[in-house]
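Chains A and B are the protein sequences, given in the same order.
Residue 1 is where the first sequence starts when you use the working numbering, and the numbers rise one by one after that.
Residue 1 is where the second sequence starts when you use the working numbering, and the numbers rise one by one after that.
Don't take every hint at face value.
The list cannot tell twin chains apart, which means a pair is met if one copy fits it or any two copies do.
Computed cross-link-like contacts, DSS-like style, restricted to lysine-lysine with a CA-CA straight-line distance of at most 30 Å [said to hold, decoys possible]: (1) K129 - K226; (2) K78 - K212; (3) K78 - K103; (4) K230 - K302; (5) K225 - K333; (6) K174 - K52; (7) K222 - K89; (8) K123 - K377; (9) K302 - K333; (10) K129 - K225; (11) K361 - K26; (12) K314 - K52; (13) K333 - K52; (14) K151 - K129; (15) K293 - K212.
These are calculated hints, taken from the structure and not from any lab test.
Protein chains: 2
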Amino acid sequence: MDIEDTLLMMPGPVPVAPRILRAMSKPMINHRGAKFSEIYDDCIDILRDIFKTNNDLFVLSGSGTAAMEAAIGCTIDKDDTVIAIENGKFGERFKDIAGRYGKVAPLEFEWGTSIDLGLVEEKLAEGAKAITMVHNETSAGIQNPAEKVGKLAREYGALFIMDGVTSIGGDTVKVDDWGVDIAVVGSQKCIGAPPGLSMLSVSERAFDAMEKDNLPYYLDLKAYKKSADKSSTQTPYTPAIPLFYGLQEALHVVREEGIDARITRHSTGAAAIRAASAAMGIAMFPDLNEDSKYSNTVSAMKSPEGLDSNDLKKDLLAAGIVIAGGQGRLSGKIFRIGSMGNITSRDILQTIQQLELAFKKRGLVHDVGPGVEAAAKILNIL
Amino acid sequence: MDIEDTLLMMPGPVPVAPRILRAMSKPMINHRGAKFSEIYDDCIDILRDIFKTNNDLFVLSGSGTAAMEAAIGCTIDKDDTVIAIENGKFGERFKDIAGRYGKVAPLEFEWGTSIDLGLVEEKLAEGAKAITMVHNETSAGIQNPAEKVGKLAREYGALFIMDGVTSIGGDTVKVDDWGVDIAVVGSQKCIGAPPGLSMLSVSERAFDAMEKDNLPYYLDLKAYKKSADKSSTQTPYTPAIPLFYGLQEALHVVREEGIDARITRHSTGAAAIRAASAAMGIAMFPDLNEDSKYSNTVSAMKSPEGLDSNDLKKDLLAAGIVIAGGQGRLSGKIFRIGSMGNITSRDILQTIQQLELAFKKRGLVHDVGPGVEAAAKILNIL
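Isolated chain A, as found in the complex (with noise of 0.2 Å):
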């Protein structure tokens, strides 16, 4: 019996609320016409303070990987520097695509763990064009000053590039007061819009570094701007116009939580499932130092010696719900639960209740119940 229920516990996509699936089935409109044109405004405004900036802001049609390449495509050419700060998948991501456009200066930490400030600044002397960083790495769920090197890197004179995929619109993020030259985040995030588009803010200071002639075609961020700067709005190639319904539901949506609330709804429902962790006697994954924070909004746990966590995956898949397990070098060590987007206490709560009965079932934990009732206590504070 497939009733289409399953519930989806991992980093995104994250599960779609019904009114925001059903506007995606309204009839094509042209995209060169007044209506788009609404949508697309309506959907930056409110974007606008998500991100907490006056930035340009944009919209494309790809994932969150196309907005990092935009971001990098469009300002590295050959023989510029990006330093690329790595302590997981995404912020491998960064340095991969780095590598394609220009040199790469790695500042690689052991995946999980912290970022060294000092090594940053280090770094940053040697002189570099820009530097990336993943707010919050979704696949060790950490997160990163970014405060502290955006204002590094301002120090230096570097562009700061950040991935804020999975904590922009969940998790506090002040693009201009932070010096976010470039700041990324995804619509199957937190944001709770389906896969697809990606939004991106961009600062002056780095659209006057894309001095180069061989820009990215469809990731020409020049090219987007001249488009919003029509007296009304477009953008350059034709765009996912479906994705566009869904997202400005989904940004009516958060705009009607109120984006404080939305964030507090965020960290209690990481915190609610760190205390369950806790109470299950499992650890956390991350190695956090004074300067890094567990995620608010995917919590990453150690698998338990001798489960492998892709059989835990199998477990709760059997129950109806998609937790993560650990990507590339991780898989099968750690697991993952996000709680992102429009999750609620219930589906919290319900998913905690089946990895106990997981656990119990292999005999890792006596009885059901005190995980729940640790993220019980903490969920009643919402």
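Got chain A; can you put chain B on it based on the hints?
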């Protein structure tokens, strides 16, 4: 009053049938799970019959322009020469994209005029890694000789990269027989799905030509191949799930109609529009030679003397119909009627009637009726 029934008679996005719109409202799924693989594989299976190819086929989460860039960006390095045939805006786009990656040997014809195969052969004889051509030049309503250019390209050892954005799925295309190394189509054209996805076929010869080490990242076709070749098909980056739901349903519609019947319906629709134009005394825009044809999916007509086609567009829009004007240098001078996707006789007749009304209002025709009559006579053979 807006009851969301505006009739899109432009060359994409096309009207999307209700069952395809509804398909997009299904809940999200894990894009790394078996269900997504099934959807992807089902799409590829049907696309194989539409493209007439045994080459690798991929679906990108990006518009047709993204697929055009993938084709060039993966095969062309800075010292490689690309012959870019241009007789309209999309030929120009290929030229522009090629200029971002390699050396362009432009082969420009006045927009709307025919391609001279003798000049194509001359250019090929000078040597090039690839030659690009738009099969159905949407901006000018002209069909270019893809089969013959494919033959010449093979003879001179150049890759043939073909934009089939508005031909594949609505007109005869034989990727393997014609020797097309990379063929590109958009979702929102003849296939009748919403915009946001593009599909392309890639020959082994094209893969062998991907020798550069700095391929685009989001549009890295080697990465697409690697993910598609996994035991359970995946995409390298998060796919636009709702658009895949829509594409799958649209492709089921194509299969139900049958690709041959679909091509006949498209060519009959365009013939009806041409017959109506003749009856109204409106001249076709393309200047044909023995190697070119009028497009079977979008008809381009000259705007009558003294009439700015942008005003004609407004008249039609007031009647609830979106037609297209001219792009770039053709703005105001021509108007275009798309008749692609799941367009019916009803849609065509309604459009012709409103065109006649608009012309009559402006004193350009004596009466309403001859255009509709001429179109109906052709459509009756369906």
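So, going through the hints one by one against the coordinates:
no.	hint	in the structure
1	K129 - K226	within (24 Å within a copy, 32 Å between copies)
2	K78 - K212	both (9 Å within a copy, 14 Å between copies)
3	K78 - K103	both (7 Å within a copy, 17 Å between copies)
4	K230 - K302	between (51 Å within a copy, 27 Å between copies)
5	K225 - K333	between (43 Å within a copy, 28 Å between copies)
6	K174 - K52	within (5 Å within a copy, 51 Å between copies)
7	K222 - K89	both (29 Å within a copy, 20 Å between copies)
8	K123 - K377	neither (44 Å within a copy, 74 Å between copies)
9	K302 - K333	within (6 Å within a copy, 66 Å between copies)
10	K129 - K225	within (22 Å within a copy, 33 Å between copies)
11	K361 - K26	neither (46 Å within a copy, 33 Å between copies)
12	K314 - K52	neither (40 Å within a copy, 39 Å between copies)
13	K333 - K52	neither (36 Å within a copy, 45 Å between copies)
14	K151 - K129	within (15 Å within a copy, 47 Å between copies)
15	K293 - K212	neither (37 Å within a copy, 40 Å between copies)
Violation of the numbered hints given earlier is confined to hints 8, 11, 12, 13 and 15; the remaining hints are satisfied by the structure.
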